[in-house]
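Protein chains: 2
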Amino acid sequence: MSEFNNVTVIKKANVYFDGKVTSRTVVFENGERKTLGIMLPGEYEFGTGDKEVMEVLGGSLNVMLPGENTFTLYKEGDAFTVPANSKFKLEVTEVADYCCSYIKE
Amino acid sequence: MSEFNNVTVIKKANVYFDGKVTSRTVVFENGERKTLGIMLPGEYEFGTGDKEVMEVLGGSLNVMLPGENTFTLYKEGDAFTVPANSKFKLEVTEVADYCCSYIKE
Numbered sequence: 009m010s011e012f013n014n015v016t017v018i019k020k021a022n023v024y025f026d027g028k029v030t031s032r033t034v035v036f037e038n039g040e041r042k043t044l045g046i047m048l049p050g051e052y053e054f055g056t057g058d059k060e061v062m063e064v065l066g067g068s069l070n071v072m073l074p075g076e077n078t079f080t081l082y083k084e085g086d087a088f089t090v091p092a093n094s095k096f097k098l099e100v101t102e103v104a105d106y107c108c109s110y111i112k113e
Numbered sequence: 009m010s011e012f013n014n015v016t017v018i019k020k021a022n023v024y025f026d027g028k029v030t031s032r033t034v035v036f037e038n039g040e041r042k043t044l045g046i047m048l049p050g051e052y053e054f055g056t057g058d059k060e061v062m063e064v065l066g067g068s069l070n071v072m073l074p075g076e077n078t079f080t081l082y083k084e085g086d087a088f089t090v091p092a093n094s095k096f097k098l099e100v101t102e103v104a105d106y107c108c109s110y111i112k113e
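Taken in order, these protein sequences are the chains called A and B. Just so we're aligned: the first sequence equals residues 9 to 113 in our numbering. Just so we're aligned: the second sequence equals residues 9 to 113 in our numbering.
Keep in mind the hints are simulated off the structure, nothing from the lab. Computed from a predicted model, the values in this text were never measured in an experiment. Watch out, some of these pointers could steer you wrong.
Given that identical chains are not distinguished, each listed pair holds provided it fits within a single copy or across any two copies.
[To be verified] Result set (DSS-like, lysine-lysine): computed pairs, CA atoms no more than 25 Å apart in a straight line: (1) K28 with K112; (2) K28 with K97; (3) K83 with K19; (4) K97 with K19; (5) K95 with K59; (6) K83 with K20.
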């Protein structure tokens, strides 16, 4: 699926880390929410509320998930899941394009 | 209007200048097309195809339009129009969030 149809897009961006991580929020007819974002090279730590499924749309993300002590590289087309109410680390070495889905549990 | 309803969003980002300028394309029911984008600090030159109306959603953009020889600062809530098939320059000193509308003439 290369596009999302019949959705609502929030105009204003979500901006983190001085703009090195930004995203736009997309809301689906069923209330589901995703963000489409860009990460520039850098090291980041994020906390989750809902469970998140992160899909790499372009570039790559080096990720350390909760409970792990090494980074795993996820490339275009790959996805990983982050548990609810947890923290994960990212090392980004090239511009990464991603889609994050928020999963209510 | 703080959100766009019943639109199609292209998942993959448009990436320029090593990711310092990125945007997502939004297509409306009537076929109209807009991009929602982020510019990080830097100096850029862009060329237009269609006429463009640029709305500043956050931060600011210092803009030199075609035929001008000085920059004008546009802040959140401001908008400016760039003629079709022309070039314009931007000096960005803070993270800027923008919406660009492409106008068929």
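Structure-inconsistent hints, enumerated in ascending order: Failing hint: just 1.
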